[in-house]
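Engineer: Single-letter residue listing:
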Amino acid sequence: MNAYFLPRDRVDELVGRLLRAAEVIAPKRVETGDVFYSPVSSPGEVAWDYKTAVEPLKRFLLPQQETVLRFSTGEKLRVEPVLEEKDRIFLAVRNCDVTGVNVLDAMFGGEIEDPYYMARRRRATFISLACLEADEQCFCVCGDAGPFLKNGYDQQWTPLAEGMLIEVGSDKGQALADAHQDLLSPAEPDQVAEKLQLAKRAEETFGEFRSYIAAAMRRLTLAETPDEVWERLADHCVECGGCTFLCPTCSCFTVTDRLEGDGGVRERHWDACLYNCYAREASGHNPRAEHSQRLRARFFHKLSHQWAQRNGRHACVGCGRCVVGCQAWAHMSAATEAIRRG
Amino acid sequence: MAEIATICPYCGCGCGLYLHVANSRVVGTAPMRAHPVSRGRLCLKGWHAHELADSPDRLTRPLVRRGDELQEASWEEAVSEVVRGLQGVIERAGPQAVGVLGSARCSNEDNYLLVRFARAVVGTQNIDSGLAAYSLPEQIAAVSDARIADLDDADLIFLVGAEPGEEEPAVGAHIYRALQRGAKLVTASVRRHALARLAALHLPLKPGAEAAALGSLLYELVVERKLAGDADVTDLTAALADLKPAGAEGKTGLAAALVSGAADLWQAAEKVVVVFSSALAASVEGARAVSAMGAFRALGAGPRVAVLGLLGRCNLRGSWDMGVRRGFLPGAPAGDLAAEGRLKAAWGGDFASGEGLPAWEILDQCQALYVMGDDPSRNLPDWAARRARLEQVKFLVVQDLFLSPLAELAHVVLPAASFAEKDGTVTNLEGRVQLVRAAVKAPGEAREDWRIIAELSRAFGKPVSPQSAADVFAEISQAVPAYAGLSHHSLQAAGGAEIGRDGAADALAGAISALRAAEDGAQAAEQFPLLLVADPTLGTWAEEVSVSHLPVAGREFTVTGKDYPDGMLVLNPADGRKNDLRPGRPVEVASAHGAGRMQVKFSPEVPEGIAVTPYHHAARHRIMNIVAEVETGRPVFAPTPVSVGAGK
Ligand code: SF4
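Heads up: the sequence lines are chains A and B, in that order. Mapping the first sequence onto this note's numbering, position 14 (from 1) lands on 14, and the numbers just tick up by one. Throughout, this note's numbering is defined as the position within the second sequence, counted from one, plus 1000.
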């Protein structure tokens, strides 16, 4: 695929054009100093120097709470789906998060398409910004999802000394580059070499968190993990659900109806497989009544070969948000360590 | 999509969170990394805080009782109904016949104006907190001096009572991280909860002997290990003589080796943080046990010690500061002349300045009740009898987010705005004053609590001047010394501002004297072989209206009521088998005081010979022995010998 160079003094011009073409979601610093992926309205709002965003991109494709259909039960039952359709460009987002979207695609865009997710997904373009320095909690190198990617993005931008190196990874990415050729020039070999240097240096900035994903995958797939590991992990988990909500690839949801007059709306909300009642049946029977069983189910879904085969890869992108968000100590890094040691 | 920075409305940790707002609707919650307590984490409740604003069950219009029915009414009708009802009682029986309960769920501004309304508008001094029976403002405020961040460099954490994982998860998160960096944990509790299983040492507390067990450990530290420093310990040695670990096991339930093991860990530490939960405060000798906590801080030698009392509700601490606390005016004890002068100036004249009645007596005695943001049904022993009494109350006003069981009895119900719909401040368990920000408009005609109170004051002919929550806070900063110099503007940054603690009771002798009279706990006997304990940290939130109406998370809380419709009785599996019981099945629980039906749960957390029930399940029944605590007069559940027979 092609690579281009965007000189530093033309970045704002390009961002301005993107803003006129679509809703642009980019890292934005809020008043507390935290960074969110959030709609921006001017190039100056983009926090280019951020490390990681509090949340992944999931919220924009699978909202925490969304109306999926309206119905009325008057004379005749009427059902009307609610689809959100607008062009969105996700700008300067992290590669782990883009990889997360690719895993979600396997869930919502597979054999049975989820129309609500796909309506948003089809009109989304992902421009990633490769990381030159890992954040404290990051371990994407273990998750095969960054800091630089070979593919999976529409465009991948790398901040070089004099401007952006733009690598194209899809037809959508190419079309976007074509539309703004006047600002770009083909990348020179030394610019590509500069990127490779930066990528190598970035890999050296990772901190204490590691995830033994290969070892954990093997043990989980072969069901080699003794019950005590899960029971011990359960003592390190308070079932807040934070790891699942913050995870770029977790996709559990539940559905509720809200009645209004002689009709109402159906809503979908994030849910968590770790919650006691997630799998509870109407009879009161709970197939995963024990906390340790729920943890096992979650990590099996994340890391077993059975699931990796279905999704095209395992479901940890190493963003480390579960490390930040864990109310106790049962995040991916702690869990894979426990599984490995058995 | 906008991210509004605010504070979680649930427990006393005061976690920072963001509400996501789209199309004037709150559509999500995100954690705040920049927050000094929560640091990017939230618990189950916090993660679903947006659902509180968005619940379809919210009250949206005032309700007025007409005959047997609560009917929708306009605000004008409802307000004049409240004035008429309260004035009727005042004319017949005087203002003291009106009782007022404030709320740990509401902001400082709400509570402050409520106190002003009670004392200066209605003219009653009978104002207290609905949580009064299991929280001990005097004792907790006196001993608790630590900040949550003290846990981050402690090398020994001594956790007394139940685990924070259920009641104050954000404090639990700091403990889990301390364990990861190698800090040691010693736990002392009846249940062997998750953190107790991870502890370097667990001291199994005998129900009812909590104070004695703490006394025994103090004896070891003070007398055997000589950690009192320069203090003269002669009196103290004598006072604690019968708690000397060797020989006191019968009384304390603790083997001498365990006490000495805990003392070894204590001596090896440089900084100890003692954390105690409301399970200790609610225990039968809670006032003594909590006071004794001050003694750990007063040890003159050995490690540095800080004490952290956990408070299970969002603004419990702030509501106390505002005067929602028997015997207290905003910022000072009743009788403090300087405070009276300040308040007279602010409130425009005389007000009812006396000590007033505690919550349980307010419920028993007052002819009219005004309850803001609370349902004391869960928080007082023997609720059934009290509820029968409430049905006799001449005039009951409830202002809340949902039609709570208490509101169903009311004559007037006023719909209130939730945390997501109002500006204000809350003060967390460590004294951190933080800003809560309106993210959306309240549903229907619901209004901020403080605004409702302001409107009522006007209708009573005594208008208050504040026009906004920031104005109310400006008055608070004048009236309550600890809040001096603060303003909504100065509290903008994540984490707000920390105010001083009253914690002054670090005289060893004072704390020890609290233990002097430690009594023998109740013993199970042949006829009643199990000792039943009420635990406020078990199923703390189950069925509470503020979580049970959440569209998604409510499921996790209401399930307790589905599985244990008559109340949950937790037993060790061995005791269950011995009595031929099955999990989930109803059983008859009987004691010398009464009997009732509950459903059984097995858990190895509970030691053999003991049965544990959530505090509010105990409150529904008349099974347990309810005694009046000597120090406070509050009704407390004493551990009660019971028998468990197969249910019908
Ligand atoms: S720990 Fe407390 S303050 Fe924090 S999110 Fe949970 S309920 Fe809210």
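Errors might be hidden in some of the hints.
[Claimed, not checked] Output of the computed footprint for chain A on chain B, the stretches with three or more beta carbons under 8 Å from beta carbons of chain A: (1) 1036 to 1045; (2) 1069 to 1080; (3) 1170 to 1179; (4) 1230 to 1244.
If you're looking for bench data, these hints aren't it; they were derived computationally from the structure. Bear in mind the structure is a predicted one, so any value in this text is a computation, not a measurement. Just so it is clear, CB atoms sit at the ideal spot from N, CA and C, and this is done for glycine as well.
Engineer: All hints are to be evaluated individually against the structure, with a verdict given for each.
Structural biologist: Structure-based check of all given hints:
1. 1036 to 1045: holds (count 6)
2. 1069 to 1080: Three-residue rule not met by the stretch 1069 to 1080 of chain B, so violated; n is 0.
3. 1170 to 1179: It holds: at least three residues are needed, and the stretch 1170 to 1179 of chain B offers 6 whose Cβ sits within less than 8 Å of chain A.
4. 1230 to 1244: violated (count 0)
The structure fails to meet hints 2 and 4 from the earlier list, while all remaining hints are met.
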